[in-house]
Structures are given as C-alpha cells and as structure tokens.
Amino acid sequence: MRTETTEIGDARRRVEQLLTALPGESEQLTFEHPWELRAFAVAVAAYHSGQYDWSEFQLALIDAIRRWEGAEQDAPWRYYDRWLEALETVLSGTGVLSGTELDDRTRGSNSCTVQSYAGVPA
Amino acid sequence: MTQVTPSTHIRSEAEIAARVKALESIMIEKGIMTTEAVDRFAEIYENEVGPRLGASVVARAWTDPEFKKRLIDDATTACAEMDIGGLQGEDMVVVEDTDTVHHVIVCTLCSCYPWPTLGLPPNWYKAPAYRSRMVREPRTVLREDFGYDVPDSVEIRVWDSSSEMRYWVLPQRPDGTDGMSEEELAGLVTRDSMIGVGPPKSPSEDQSP
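These protein sequence lines are chains R and X, in that order. The first sequence: position 88 = 88 (this note's numbering), numbered continuously. Heads up: take any position in the second sequence, counting from 1, add 1000, and you land on this note's numbering.
Hints are computed from structural coordinates only; laboratory data are not their basis. A quick note: this is a predicted structure, and the numbers were derived from the prediction, not measured.
For lysine to aspartate or glutamate, the following DMTMM-like pairs were computed, each having C-alpha atoms within a straight-line distance of at most 25 Å: (1) 1068/X / 1164/X; (2) 1201/X / 1175/X; (3) 1201/X / 1145/X; (4) 1201/X / 1184/X; (5) 1030/X / 56/R; (6) 1201/X / 1152/X; (7) 1069/X / 1090/X; (8) 1069/X / 1081/X; (9) 1030/X / 103/R; (10) 1201/X / 1096/X; (11) 1201/X / 1178/X; (12) 1069/X / 1182/X; (13) 1030/X / 101/R; (14) 1030/X / 104/R; (15) 1069/X / 1184/X; (16) 1030/X / 85/R; (17) 1068/X / 1083/X; (18) 1030/X / 53/R.
Using the sequences and the hints, build the whole thing.
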C-alpha cells in the first residue's frame, strides 16, 4: 500500500489553509543539522520507491538504537546517526548498496559537502 | 546478504554530512530516487506536516461528540475523514484524558510517533532518557522535565508506542471555551498536550494573533 504520495500532497495543501499556528513549536527543532533532514528524506524516498517496507526500516532502527545503548559509548547520543545506520543496513540488505561503495563515495565527496548543504533551507 | 558493519569511529558533523550526501547520490545514480523527490519529502516533513493537523482533529472532537466517539473507536479511520493520514499513521490509537486519568505517550524501543497528526517527534522524545524514565516515573518526569504537575488524584497511564500501534492523547477541553469556534479551539491545542507532557492552553494565555 503506497498511496501516501497523494495524501501527503493533500495534507500539504490543507495545512497551507490552516492559519492557526501553534506558538512555542519552533523552540524544539526536529532537525538540528541539514544532513539529518536529508537522511530522513532519503529514507522516506527509498521507501516510496519500493525499496523496503517501512516496518523493515523500523526494525533496523530499533536494532541500531539497541546496539548503541548496549555498548559502552564515548560518543554523544545522536538519533540520526542511528537512523543512517539503519538506512544503510536495509539498503545493503536489499542489495542496493554494496559494502564499500558508500565508504568509497564518501571519501571522494568529502570536500564539497558542507557548501552544498548550506544551500538547503533548514 | 551484505551486512553493514556499524562504525565505531565517531564521525564529525562534516564526515557524516558527506556520508549522507554520498548515499543520496548513489541512490540517485541507481535511479531509485530523484533529487526533486528527496527535496520534496524534506520540505513536506520539515515544514508542512505538523501538530496543527492533530490540533484540528482534537478541536473537532471537542465540538462534535459523534466524531469523538469515532476517533476513540478507530483513530486512523476518523482522521481519514478529515483527509489526514499516511506514513506512520496506519494504526493510530487516541487515548482520552478525563478528570481521573491522564495519558502520556512514549516509544521505549525507538521513536514511533503518529507523524500525520503530530508531525515528526521533537528531539527529547527520541532521547534515551525520556524513553526510559517516562515509563518508570512519569509523574516525576512530567513535573521536573516539563513543569507539568499532575495532581495525585489523577492516575497517569503511559502508552508505549510501536510500529503496530501509535498512540496520541486527546486532552481535556479547557474551561472557559464554551463560545469558541473549532478553529479557535485548535489554536489552544499544543503538540505537548497531544503527547501528554503538557496541558492545552487556556483561552486567557492564547496570545496568538
């Protein structure tokens, strides 16, 4: 069942008509950094293109969070680190992403990232 | 099946941003998505799907007893009447606050949350501390972390959301709102009141234009 595209489109038009703002909403940003929003949107886009069931992604996310909580961590808690880990896991599971492909590409693109994301409204 | 080995290396913001960008470009090259599609989802979820939709549902439930009955009975179907639904809203359950019971939602495993009505969860909802403490000592967490004092006479029920069941709270209609329209009432409904970590606003404190 992948009918959300139009529902979301409808939701969007409807929200534009709802003028009642909720004050205090902006005090808690959902996304702290542009890459988090991007990682979120890539996961939704991959789901919409039929790469996985959303429940598979959720299970991977639960696993990623559990692993983090079970390990001795020096790193600070960052939810979207786990999100990205889950996304990599499901995309590897379906064979869309191969083991070192992402590592290789990341090294190749490191230099221009910050600038190109700066243009995304956050 | 290739399994991604979780990195033990602590990535800097720049490194992880590069990794996300690389992932996106690989997906685009493979024809799985387009930049436009990613842009669109980013825009919709960041700016447009949000707690205002849930607030409009609550306001209708406050003014229309028949609708409220349907909402408690089957939230997903009742919300669909208002054309509200979609990803992560397939199995929504609305729990109603009364004079004697107050409800709070949490997801102890990850961050399950009713996106179509509440938008995306705030950061604290996803934090390990909230997820574990709210279950153990809800009254204390509500008081200390949210400044919300629930009287001892009111029972607090904590609902653990999952991918199968996404709870959210129908708060009590505030006093002094008898003559208000549905739209005005929606303005009193806060995101926190639908999570259960705060009350809706009272008409006197609603200063929004």
